[in-house]
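Enquirer: Here's the letter readout for the chains.
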Amino acid sequence: MRTIFIFCFSWMSLCFTYGQLDSLWVEPTSLPVTTFNYLHPDELLIGKFAGTWVTQASGAPGSDYSIRVRGSGSVFGGAEPLYVINGIPHYNTANNSDHIYGSGVDFLSLIDPSNIKEIKVLSNVVATAQYGSRGANGVILIETKDGANEPFSVDIQTFTGYQNTYKLPILLDGGGFAAYQNDVGANEGNDPIYTNPSNFGKGSDWQQQLYRKAALIQNYRINLNVSNNNTSFSMLGSYLNQSGIVNHSGLKRYNLQARLASQPNDRLSFSSSMVLARSESNSVLTDDPDGFGVVTGAYLFSPLLGSSDILNYQVDNDGLPMNGNDGRSLNLLSSHKILNPIALSQYASSFSTISRLFWSSHISYDITDRLTFYTQLGVDGIFNEDFSYFGSVLQPELSVGGIGMNAKQQSFNWFNQSYLSYQVTHGSNVLKAKIGTEIQGTLVELLSGQSRGFDNEKLGYYALGSGATKTIGSSLDEAQSFAAMANLDYNLRSTYDINLILRTDASSRFGGDFVFLPALGFNMDLKAAGVLSGVDWISGANLYAGAGRVGNQQIPSYLRFSQLDQSIFYLGNTELKSFVPTRIASDQLQMEISNQFDLGGDFLVRNGFMGSLEYYNRTTINAFIEMPMPYYNGVASLVTNSGVIRNSGIEMTAGFKNQVGKFDWNVNANIAFNSGKVISEGSSQILYGTGVYGMNDWLIFDEGEAIGAIYGFEINGMVTTAGADIATLDGEVAKAGTISYKDQNEDGLIDHSDRVVLGSVTPDLIYGFSTNMSRYGFDLSLLFQGVAGNEIVNFNKVILNNMNGTGNISEEAYENMWRATNQQGDLPISTPNDGKIVDQSLVENGSYLRLKYFSIGYNLPKSLLEKIKVQGINIFISGNNIFTLTKYSGMNPDVSLFNSEAQNMGADFGGYPSSKLWSVGFKIGL
Amino acid sequence: MRSLTYFIVFLLIFITGCKDFLQEENLSYLDEIDFYKTSEDAENALNAIYNLLDDQGAYGASYWRVKGLASDEGLYEGNFSDIATLANASYGSSNSEIKNVWSSFYAVAYASNIVIEKVPSIEMDSARKVVVLAEAKFFRGLVYMELQRLFNEVPLMLDAPFSDSETYLMPQSNKASIQQQVVTDLEHAVTSLPLSSAWGRPNSYAAAALLSRMYFLNQDYAQAKTWAMLVINSTAYSLESDVNSLFKNRNDVNNETIFAITRSANNLGNINEDLLPPSLGGSGNYRVPSSFLTNFDTLDRRLEVFLTEEDDRYYVTKFWDEINESDGGTTSVDFPIIRFADILLMYAECENEINNGPTAEAYSAVNLVRARARQALINEVLEVRDILPDLVGLDYDTFVEALHHERKLEFLWEGLRWADLVKKEGLIDAVSEVKPTAVPSARNYYFPIPLFEMELHPDWSQNAGY
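Each protein sequence line maps, in turn, to chains A and B.
Count the first sequence with this note's numbering and you get residues 1 to 926, in order.
Count the second sequence with this note's numbering and you get residues 1001 to 1466, in order.
Next up, chain B with everything else stripped away, as it sits in the complex:
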């Protein structure tokens, strides 16, 4: 029996020592507990946002497919059904491209929430800390603005869960409360970001410009004008002399881009795989409807730079640097999120709306954009063409039409056309006009909330018509 006693004693010693033995130590991965402690961690957490912004659905392929094809500026001839249904307005809630946009924007929101939650307690240079936090708020504001615009009532998540027990199910938020949060975040960014910033990083004016856009699309023209004027009056921005140097033959750092997704030889984009014709290394599946072009002057510099014609079909070359990327496919041309031309055109429209007709300031703003389109810098020689006369003598309605027309070409395939059509409630007509087989309806003013999320949230309500 003595050995039994020994055995039991041994067992007890063993079990008490067991607690350490059964402790899992994770040496293969970094986890939250090891991280978010130093200033370098803070920077690496912030950098995650920039990395995710480049994702497929954020400002990558799915984004431009969804926005370009769902409007009247894109036709699709390929055989991928989720893309084809975007182009003919028959997309449903299970569309994978739409889901990509949703998931990528929420990934950016999550990375922003991490910075906003974790950085305040990190010991680091206090001035830098203010900027890190403000950049995170800028991006959170940006993606919630996009999400609300695309899907309307989306959940407004402001926490960053790191474990199963920190996750929770959220209700949908209404438009007003999402926009209130966007305003809070972006106003914080306006006051806390520096007036100038490195290429690819937002500054104070970028936040002001986004605020202007948000109010503009809400048709709150007084507020939109205030924020636009802040950018204009700063004199920090001006139009690039030729659209060719803004896009195809780019100057990475220019005075027109307020905020953009940067591209370089080290960070090539893939938009041209979609957009270019096959002879230039693209898919040839994405086209601009030819009827889209009939109202523009053939000498318009933008047509020359933005498009190419092949077998009576028009393809977007806006993002194609023909000198450095002769065989197409990749691009090192920045993808603009907001640029000064947009501020000018929004400002002109605000003036027109507020004063119930165009003012001198409105004319001068839109005419700056037109004047640029009339000239071309070819072999360093500025050629001014006899087209696009300055706008004069228009009334409220005709000025609105003229601006709308201007924006259509100026911002071709920059993801703005869809929102412009939604704002003017002209989406259905415009899409049916260029795509006879498409069946657009009022439901297309919002995209469907992805089926994946609807199944997880039985209490949510899907956008009408899906």
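Excised from the complex, chain A in its bound form:
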């Protein structure tokens, strides 16, 4: 449905849509103008829309972004917004399968961002209610270019750039590591291992070997637009070749997109669009919660070893592997096997391809002057193949050989929406009515095979049959949904508008029960209503309010069924099969329903200043909960609807545009405050957070706490003198050089019940600021963005600061290590649980301000262009992630180990580092 445009700034390329300053015309003209270097459609959302929080989960080429619109509307379900591309709704997913190493390529990245004409974020309930049971977490509307209003144009664009890492931790070098090993031994009362640590010199710098100093990126695009009176056509071909900053990783992407729109007569109009895209990516083992990846490997692996050493051995004075009493080499790490990161990046490799075929069409026919029939049909097929091989060289102590994996997944999504709309105009009053249905089906099929023990490793994943042991897996996930909708909109004298949406939704995931989701909106044009009659300097203003219900159904399929899993085991020497429920049926599961209320206003000042202020309050009344169950009921937890969470906040946007002579200047600034709280947790507090390096339950879901509250131990201080009266985690007498925790319940014991909330992973404040200036053909664009008030659990510190001697550590940690000679040190020399404790020391302020995009360009003068018969030439230099102001000690505060998972936000551990990108390029308009 067309939303009501109160007023629209075409000059600003920003529109108010039902009170929302939420629409951005990315490239309003076909002339080459300078824009930022976007590689992924989600980047268009960064820093532009108040209340839209964009996090880059992993720095791997093509990996996905996590988007939160007005806070996290769901904790145990999905909280990503719905994407509607050329009218076809779907949830974005990434190829994060178990069959590839590292972070997979995001399916949305197969839509070339340069071909997007318009992207909008819907967050007000009157807008999101149009999407009913999928609107609760906001809706991203994407329209691709259709060539309208352009008689004929061809744009050619290319850029070349370099990416590099922007911050790596400084680790101990060879000599430092040897000295540190001596100190660890001394603490345990052993003699020094190394008589002269400095003999080892620099040793191996694994990080330097792992990362490319300058990873090349190249992009070519050609865009054709043509239109006449009633038909327009647009076509794009593009190619991207991006090397990753980690050796052996990279992405190639091929795109072909086209859209045709036509209005053959007064009554009929139609449009069709298609995308044919393919990506090919190479990835290495990163973003691994267990810490086996190359990034953590480069932290931990001993600098005293060389490139031919696979396992993290202890070495002797001569640099040779040291043997224990039993004659075997002493492994540095006992509980986590750490492999040589360079060998791992070479021999544990994945290759994956994604092909996407997207087609969308709509036809609109005016049956009478007042009655219109509209139907939209779309199909979206995504086919991906994953190949991985884990070389036998990485398992020198085992004789099982290499492991090859091959998986094929196809997902298919089809959609139809049909409605009749009726419009009657009476004077300046307009009544619009609409009735229609929406139907959609999705299907995901997977077939995978794994094989190990190849006679000849050259064959690997293309010859799974030649392995010694093989396993096969397959699965299906299918869901259908249906909705019926009626919409009534009445506009009185172009001043007052009232909009009623009645919608009922059903999904197979929730047993096909219909859920009623109504919404009501009211809007008033203050200028037209005469409220601002004396205030001439305000050229337009409106006030609006809306209330309604929206739903969320992002939860895995089949939860309404119990699940019996087979396992094969031996009783004595007899092989037996067993079936036991690993999940019992959530037979009362319903979709999440949010009650939302919005109130806001927009204004436009005559001299080019505009602004908007909104308040929202969205309460999810039956939030999905991973409800803990008493063990006698057979399972530890069950998904129910027993939670209540609330996100409320204020969003402000201000824009300014001025033109003085030839100097154009515009500014967009936005800021949003959000408070996300757990109103009810069901029956008892829920600890969650997937295991990272052996630590789990690092988040708590509890009444009155923030959404994403971090849970762990509060630090009391260093124990400087041994004492029996100091309670310790292991119940032992406190030794000097250990850390003591606060006994919160004062029972004289330190145990898990002494944990407290240490922060929250969701920000209180997000903001963005962008500006564009142009004069004499030069233009400069900058985009700053940032967040404040959130914490990050920096699990990397468990490695970099861990003094138990099992791997390399950071130089800074070594300096701060508590020793008899360094009483000021605040890092413990010995810790229980191998230091794997979620405590205050891991929780860091995640606030940052970043110059995210920078671009400077020059448009060749018209006089010159006319001579060479081209429309325009623009040369530009642009940069991404230029600088970041933050107190966060890790590589990047804009991070999330578990990608867009709502359950596991705010963890930083061994992720693929994000990079700085500098590029130069040009655009030619023919």
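Rather than coming from a laboratory, the hints here were simulated on the basis of the structure.
All C-beta atoms, glycine included, are put in the ideal place defined by N, C-alpha and C.
Mixed in with the good hints there might be a few duds.
Stretch by stretch, here's where chain B covers chain A in the computed footprint (C-beta under 8 Å, at least three residues) [stated by the list, open to error]: (1) 388 to 398; (2) 469 to 479; (3) 506 to 512; (4) 550 to 562; (5) 567 to 580; (6) 586 to 599; (7) 623 to 634.
Straight-line Cα separation of at most 20 Å, PhoX-like style, residue types lysine-lysine; simulated pairs [stated by the list, open to error]: (8) A:Lys470 x A:Lys458; (9) B:Lys1037 x B:Lys1175; (10) A:Lys742 x A:Lys836; (11) A:Lys167 x A:Lys887; (12) B:Lys1423 x A:Lys577; (13) A:Lys887 x A:Lys867; (14) A:Lys735 x B:Lys1435; (15) A:Lys577 x B:Lys1435; (16) B:Lys1423 x B:Lys1175; (17) A:Lys735 x A:Lys836; (18) A:Lys577 x B:Lys1118; (19) A:Lys213 x A:Lys916.
Chain B: place on chain A using the hints.
Expert: Showing chain B alone in chain A's frame:
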């Protein structure tokens, strides 16, 4: 307007067809509705119990850590706080090892309840059906006996919920009603299980032996004796000639094991990862206090087989098959739940209690165990050592002491020492003696009910002192 009518008709047809369209069909997983129909399903449901018995908390790592370290037979030197607090008696209700034991035993109870609920309606061989049901009752009896012993008043769940709407919150049950259920289940198993069974499966005597243990730990010696005598008089069991062939150099099928968690090359256990010294591939973190050994004769065959000394520290090698597992870590030695030596020693104690002094039968039972410890089968030659003379001429108290002493070494790290100390109310003294820094108190006679469950059940009462 005609097209509007068409559209509405189309819509109505569509919505009526919608019911099927919105029906979710689950083709990716088996669920309860598809299962529990054939005899094979019944066997697979029963097998689940055996699979779960092997879990971390049932008779796996957490079980032996909790029972071994909380008594005076285990010291811990590692740096995992939840394990360290077990060893120094400072564990609380949030201890993850204790929670593992709780959750794994309840998982076995759930799998048993499924069999007991679902199998009766399955069409299958009726004789086999009786055995399947009796095995499930045996295991339900076993785990509720363990749960009551460890946590006292636990919920007695006898249903098997498969969906949210079938789950419910339970109250705690008292000791008497839990034990009544254990007796009902095990007596059913005694009458319905066969007299002999395959390796790793319980038979009628195994159920009788467990009943004897339950009464014994309750100090109901008359009943304990009755059930022990049933096992002894059957003559189905006898002591293995040498403890070495019972453990380290094992005979999987022997006449002494009444019921055990089986281990084989196909199903290796991991107890040795904990127990062995580093030189043999273990963690080296678990030790037996040296003071524990001072009262035993150095020539005692059990010391030789069960323990090894390294740098003045003693490590448990009882479960280490040094011929087949030279580099340690894994084990293919069965973990006994109950064996004939236990029946003999319990019987001797019952006789002593009932007659207020040892009888001839009591002496002969305990002396069988001592006689075995005095001999070693080395290179197929039986060597009888001049140690451990037969017990004679003891009174009630000294006989009780002698039995207690015998059990301490005989059942080292088999999970029995803790219950023995609790029964004799000697836990506090014994633990303080070998662990000077530990602070045991009366609370340690039960373990805390896991915090996780306490939070879900505000009406439950936690065991005293936690």
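Enquirer: So, for every hint listed, does it hold in this structure?
Expert: These are the hints, each one checked on the structure:
1. With a cut-off of 8 Å between beta carbons, the region 388 to 398 of chain A has 0 residues touching chain B; three or more are needed, and the interface restraint is violated.
2. Figure legend: the region 469 to 479 of chain A, annotated as covered by chain B; annotation consistent (5 residues with Cβ-Cβ distances under 8 Å, at least 3 required).
3. Counting residues of the region 506 to 512 of chain A whose C-beta lies closer than 8 Å to any C-beta of chain B gives 6; at least three are required, and the coverage claim holds.
4. For the region 550 to 562 of chain A, the stated coverage by chain B is satisfied: 5 residues place a CB nearer than 8 Å to a CB of that chain, which reaches the threshold of 3.
5. Given a C-beta distance limit of less than 8 Å, the hint that chain B covers the region 567 to 580 of chain A holds, as 13 residues qualify and 3 suffice.
6. Given a C-beta distance limit of less than 8 Å, the hint that chain B covers the region 586 to 599 of chain A holds, as 4 residues qualify and 3 suffice.
7. Counting residues of the region 623 to 634 of chain A whose CB falls under 8 Å from any CB of chain B gives 7; the rule of at least 3 is met.
8. Distance check on the hinted pair: Lys470 of chain A and Lys458 of chain A sit about 17 Å apart at the alpha-carbon level, within 20 Å; holds.
9. Pair hint Lys1037 of chain B plus Lys1175 of chain B does not hold up; C-alpha atoms about 36 Å apart against a cutoff of 20 Å.
10. Only pairs whose Cα atoms come within 20 Å are accepted, and Lys742 of chain A paired with Lys836 of chain A is accepted, the gap being roughly 17 Å.
11. Taking the CA atoms of Lys167 of chain A and Lys887 of chain A, the gap is near 13 Å; set against the 20 Å cutoff, the hint holds.
12. A C-alpha spacing of about 39 Å is found between Lys1423 of chain B and Lys577 of chain A, which places the hinted pair above 20 Å, so the restraint is violated.
13. Distance restraint check for Lys887 of chain A and Lys867 of chain A: the Cα-Cα separation of roughly 54 Å exceeds the 20 Å cut-off, and the hinted pair is therefore not satisfied.
14. At roughly 18 Å between alpha-carbon atoms, Lys735 of chain A and Lys1435 of chain B fall within 20 Å of each other, so this suggested pair holds.
15. Of the pairs offered as hints, the one joining Lys577 of chain A and Lys1435 of chain B is violated, with about 44 Å between alpha carbons and a cut-off of 20 Å exceeded.
16. With a CA separation close to 15 Å, the supplied pair Lys1423 of chain B and Lys1175 of chain B stays within the 20 Å bound.
17. A threshold of 20 Å between alpha carbons decides the hint, and for Lys735 of chain A with Lys836 of chain A the separation of about 18 Å falls inside it, so the pair holds.
18. Using a Cα cut-off of 20 Å, the hinted pair Lys577 of chain A and Lys1118 of chain B holds, with the two alpha carbons roughly 18 Å apart.
19. Annotation: proposed proximity of Lys213 of chain A to Lys916 of chain A holds, straight-line Cα distance about 11 Å (limit 20 Å).
Violated hints, listed in ascending order, are 1, 9, 12, 13, 15; each of the other numbered hints is respected by the structure.
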